[in-house]
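Number of protein chains: 2
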Amino acid sequence: MLIRMATKSKTVLEESTLARQHKRKAESRQRLLAAARQLFVERGYHDTRPQDISRLAGVGHGTFYLYFSDKKACFQAFVALTQAEVDALIRVRLAACKTNEERVYGALETSMDYVQANPGVLKAAWAGHQLMAREDPQGAPTPSISDEWAAGWAKVILNGQKAGMIWQDYDPEIIGYAVLVVTSVVSYGALRKGAEREHFLTNLTKFILRALRAPKASTPS
Amino acid sequence: MLIRMATKSKTVLEESTLARQHKRKAESRQRLLAAARQLFVERGYHDTRPQDISRLAGVGHGTFYLYFSDKKACFQAFVALTQAEVDALIRVRLAACKTNEERVYGALETSMDYVQANPGVLKAAWAGHQLMAREDPQGAPTPSISDEWAAGWAKVILNGQKAGMIWQDYDPEIIGYAVLVVTSVVSYGALRKGAEREHFLTNLTKFILRALRAPKASTPS
DNA sequence: TCGCGTAATTGACAATTTGTCAAATTCTAA
DNA sequence: TTAGAATTTGACAAATTGTCAATTACGCGA
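Order-wise, the sequence lines are chains A and B. Position 156 of the first sequence, counting from 1, maps to 156 under this note's numbering, and the rest follow consecutively. Position 27 of the second sequence, counting from 1, maps to 27 under this note's numbering, and the rest follow consecutively.
Hints are computed from structural coordinates only; laboratory data are not their basis. You can take every hint at face value.
As the list makes no split between identical chains, a pair holds if one copy fits it or if it spans any two.
Derived lysine-lysine pairs resembling DSS-like cross-links, with alpha carbons at most 30 angstroms apart:
| hint | residue 1 | residue 2 |
| --- | --- | --- |
| 1 | K162 | K98 |
| 2 | K98 | K206 |
| 3 | K155 | K98 |
All chains, please: the whole structure from these sequences, using the hints.
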């Protein structure tokens with residue numbers, strides 16, 4: 001599955017990558033990121049050193065600083081990459097969805113697939129994103145991809161409200177975040193395999209849908 | 001629920017504290033934790049050095065290592081302290097609650113109070129808890145206080161199910177986590193002051209209650 | 001109040017890690 | 001094949017981490 005989405009993220013990466021690298025030798029960056037992912041997940045942020053990442057990636061340790069200013073930047077790149085991967089998968093999955101039920105279940109199932117295929121990765125990325133989130137002194141706090149996800153749900157909610165399917169008294173922006181975080185529950189803890197998986201997905205889907213769905217016909221504004 | 005276990009963790013804290021300090025001189029630890037909190041929140045984990053913490057705390061930097069084996073341990077202590085503070089507040093607040101609506105709103109409002117009184121702290125602690133969470137190879141993954149909170153909600157849900165107030169088809173454990181994470185939304189981003197605050201709280205309260213509440217009378221098991 | 005033994009603290013020091021950069025290597029295109 | 005640019009490298013300097021013998025502060029009995 002990492003293979004599958006490689007297509008997508010490859011595209012994204014190529015732009016920034018091409019700008020940076022001469023021809024293509026900066027596959028070093030990819031090797032570094034792959035190593036970083038493995039170590040951050042296995043040992044955690046604290047116990048992972050830039051040297052370790054370089055060694056595992058099989059490059060000289062000076063190379064690390066060619067691509068990342070420090071460990072924090074490397075971690076943020078790891079988070080961004082992971083989020084981009086999941087984002088690509090979810091986008092594909094949701095493209096075909098007609099109903100909100102399909103969308104909610106689809107997003108959950110896609111995340112669950114990713115979590116099972118890449119144990120620990122999404123959890124680390126999700127938690128880390130918040131921990132590392134930088135605050136501009138200004139009012140432009142660099143919207144992360146999670147913010148975009150929340151905004152995406154906000155849009156879904158707004159549409160639902162217009163159609164009279166979702167409670168009119170919700171603030172789409174706030175509830176967008178609520179839906180997002182419930183979605184993130186799939187990345188928690190030791191996840192459940194096999195039959196438990198379905199159980200997990202249906203529970204969270206029901207939770208979200210029941211929270212959203214307006215009863216009977218609530219008057220569209 | 002939260003009440004019961006608070007007793008537990010309080011006891012645990014006192015024991016370890018008393019055992020560690022001679023009489024009371026180890027207020028050094030408190031100073032270190034206060035300094036750590038400030039720096040972790042202001043600068044983030046990466047850019048905070050044990051030295052900085054010691055200096056701000058006004059103790060020799062060797063003292064740091066008397067109380068924490070390393071920065072990671074210090075951070076975890078900070079997270080534990082923050083969670084314990086919030087836990088205590090919520091415990092008090094929920095003690096008087098009769099209905100689930102009161103409980104949900106109470107938990108949200110209490111968290112919001114804390115977030116506003118201590119900007120950034122709960123956000124850092126929440127995110128960090130997940131990032132640093134240690135995984136025992138065994139099946140005993142050292143339940144964090146967040147797990148206990150989720151378990152507390154699970155109990156509320158189970159009771160609600162018995163009373164026919166909450167959907168019977170929910171798995172209390174899973175939905176307990178869902179409620180918890182929605183609760184955590186109050187610690188997100190630049191928080192809203194004044195009128196926005198109420199807006200925020202009512203939105204999240206409605207979201208959770210609507211997700212939980214069974215329609216009409218669903219048959220209690 | 002004066003010691004004295006224990007608890008607590010300290011900062012110099014050694015070990016480790018981080019970040020830099022001039023030299024070396026690899027690649028491309030002519 | 002070669003010039004020159006792109007990329008990599010690891011030795012080095014700077015900075016940080018963690019240790020510990022020496023020092024200071026405390027509690028308590030005489």
